[in-house]
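Using the sequences provided together with the hints, build the complete structure.
Protein chains: 2
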Amino acid sequence: MKIDTLAIVGVGLIGGSIGLAVRQRGLARRILEVGHRQASMDRALARGAVDEIFFDHLEAVPKADVAVFCTPVDLIAEQILSAAPTCKPGILLTDAGSTKAAIVRNIQGRLPPHVHFVGSHPLAGSEKRGPEHADGNLFEGKVTVVTKTAETDSRALDNTVEFWRSLGSRVMVMDPEAHDRSLALTSHMPHLVASALVSILAPELAALTATGFRDTTRIAAGDPALWTGILLQNRESLLAGLDLLGVSLAQFRRALETSDRPTLDQLLAQAKTIRDALDQTNSWSA
Amino acid sequence: MKIDTLAIVGVGLIGGSIGLAVRQRGLARRILEVGHRQASMDRALARGAVDEIFFDHLEAVPKADVAVFCTPVDLIAEQILSAAPTCKPGILLTDAGSTKAAIVRNIQGRLPPHVHFVGSHPLAGSEKRGPEHADGNLFEGKVTVVTKTAETDSRALDNTVEFWRSLGSRVMVMDPEAHDRSLALTSHMPHLVASALVSILAPELAALTATGFRDTTRIAAGDPALWTGILLQNRESLLAGLDLLGVSLAQFRRALETSDRPTLDQLLAQAKTIRDALDQTNSWSA
Chain A
13 MKIDTLAIVG VGLIGGSIGL AVRQRGLARR ILEVGHRQAS MDRALARGAV
63 DEIFFDHLEA VPKADVAVFC TPVDLIAEQI LSAAPTCKPG ILLTDAGSTK
113 AAIVRNIQGR LPPHVHFVGS HPLAGSEKRG PEHADGNLFE GKVTVVTKTA
163 ETDSRALDNT VEFWRSLGSR VMVMDPEAHD RSLALTSHMP HLVASALVSI
213 LAPELAALTA TGFRDTTRIA AGDPALWTGI LLQNRESLLA GLDLLGVSLA
263 QFRRALETSD RPTLDQLLAQ AKTIRDALDQ TNSWSA
Chain B
13 MKIDTLAIVG VGLIGGSIGL AVRQRGLARR ILEVGHRQAS MDRALARGAV
63 DEIFFDHLEA VPKADVAVFC TPVDLIAEQI LSAAPTCKPG ILLTDAGSTK
113 AAIVRNIQGR LPPHVHFVGS HPLAGSEKRG PEHADGNLFE GKVTVVTKTA
163 ETDSRALDNT VEFWRSLGSR VMVMDPEAHD RSLALTSHMP HLVASALVSI
213 LAPELAALTA TGFRDTTRIA AGDPALWTGI LLQNRESLLA GLDLLGVSLA
263 QFRRALETSD RPTLDQLLAQ AKTIRDALDQ TNSWSA
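Protein chains in written order, with our numbering: chain A, 13 to 298; chain B, 13 to 298.
Just so you know, the hints here were simulated from the structure itself, not pulled from any lab data.
None of the values given here were measured: they were computed from a predicted structure.
Just so you know, not all the hints are guaranteed correct.
Intra- or inter-copy, both count: the list cannot distinguish identical chains.
Claimed, not checked - List time: in silico DSS-like cross-link candidates among lysine-lysine, alpha-carbon distance up to 30 Å:
no.: 1; residue 1: Lys-154; residue 2: Lys-284
no.: 2; residue 1: Lys-284; residue 2: Lys-140
no.: 3; residue 1: Lys-100; residue 2: Lys-14
no.: 4; residue 1: Lys-14; residue 2: Lys-160
no.: 5; residue 1: Lys-284; residue 2: Lys-100
no.: 6; residue 1: Lys-100; residue 2: Lys-75
no.: 7; residue 1: Lys-154; residue 2: Lys-140
no.: 8; residue 1: Lys-154; residue 2: Lys-14
no.: 9; residue 1: Lys-100; residue 2: Lys-160
Next up, the structure:
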């Protein structure tokens, strides 16, 4: 894959890492970055990760052959729809948002015929934010979900898959709704539950937390504004996830109430089996 | 602190690490270990971490000046009570159990006058088990809770505090019930919740888990039998913890149901503040 001009909109951890990854692999002749904080942009320029900086995506995207939107999930559709009429024919637009159904639904059928959008979600987040944590190998060995619907242009889909593969990612193609249902359980529920667990900790108990508490709640340090957007866009799957969790917690509660050792043992053993399997099947992304 | 003969009952991660820590710091002339798996015991001997091995605590504890019980929480009181009549006068008995109230309650008032017990809990667990993960610096910089009740002998308490400090631990003295209430929130609830989160994951979603899910659920890989014992011994505090968590999850649910962005944002921001403070105040045990 060889891109002439790549535009990256949003210069956080993901946008910054895409810039570095593309530059290190020589995948684009020219990289344009769109951000809103002068300091971040200057750093990206100084680091040689980008060739030109912009403060308005409407100035950068018209020059691009491929544009990746790495902005908060509630801005992506709006930014893409506003830029679309100004785009070069044949441009590929994609994103890195943690939700997919609402974004794809909002964009689909509303683009000019010469502009294609394919949704993406690299599963390479972190509770760390900002381009200072950017890493050109962030996507190496990680899964990126690329979305496909009945309306997705097949060449644009192929190019999107190739783009993420070029950055070292393992690509899974699925429909946007399946993505959101799955990520509700693998990412959004953990975030919500970690936040709930932290919020019931009285401050004076901080000294009695150890590695277990730290690991379990690490993601609760994520950016609240970003996560509010993600949770709201995936609210239906999350409500279903909360129902499922409620059933599971009720099983634990009943076993505790009745001091039912065999059931408690079985619930914990079942969880251990699933968790252990995870380490074995997914060691490539550990 | 200088011990003549130390007995360690139970040769898992904690027992093994105590052996190594004491040996490396030259705190005891002779270390006896009591276990039940020949292979583990041979390894401990070969490694030079212990001087003598036993398969029955009733043979080792009578020779000891200090004995530390690192067996599952439901065995500790029983083992201590059975060994007590055979102990040398002035012996100090302590433990490393993750619960304290039931253990202290079962032992207190039932020991011969020449035998003292003080409860301990080093917060240095791991989802890793077994002496092969033992580490002589495991307790360095970690908190150990030492329990005190109206009946606790003050010299035995001082010696117990000194023992853990000699291993590099930071000691907090508290009553057993306060320990259990606190640990319910900082350790036992996270374990239960991580297990519940894992158990609602359909196996085909494994490929869509990333670092967030891994961190959040890591402790669910802990030993089910050990954790069943811990959760049951602390069931009342856990039931109270489940109530608290239920309130917090209900707030998230309501905010999602009503698409209430400001409330969701506030809930996440509150959690982030608590979580961030944890990293700052507790960096010594990170």
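These are the hints, each one checked on the structure:
Both within a single protomer and between protomers do Lys-154 and Lys-284 lie at most 30 Å apart by alpha-carbon distance, with minima of 24 Å and 26 Å respectively. Taking the shortest alpha-carbon separations for Lys-284 and Lys-140, both the intra-copy value of 28 Å and the inter-copy value of 12 Å come in at or below 30 Å. Taking identical chains as interchangeable, the C-alpha atoms of Lys-100 and Lys-14 lie at most 30 Å apart only when both belong to the same chain, with a minimum of 17 Å there against 79 Å between chains. Taking CA atoms no more than 30 Å apart as the test, Lys-14 paired with Lys-160 passes inside one copy only; the shortest distance there is 23 Å, against 69 Å between copies.
For a Cα distance limit of 30 Å, the shortest separation of Lys-284 from Lys-100 qualifies neither inside one copy, at 52 Å, nor across copies, at 42 Å. Proximity of Lys-100 to Lys-75 under the C-alpha cut-off of 30 Å is restricted to the intra-copy arrangement: shortest distance 7 Å within a copy versus 85 Å between copies. Taking identical chains as interchangeable, the C-alpha atoms of Lys-154 and Lys-140 lie at most 30 Å apart whether they share a chain (17 Å) or sit on different chains (25 Å). Taking CA atoms no more than 30 Å apart as the test, Lys-154 paired with Lys-14 passes inside one copy only; the shortest distance there is 21 Å, against 52 Å between copies.
Only within a single protomer do Lys-100 and Lys-160 lie at most 30 Å apart by alpha-carbon distance; the minimum there is 23 Å, versus 75 Å between protomers.
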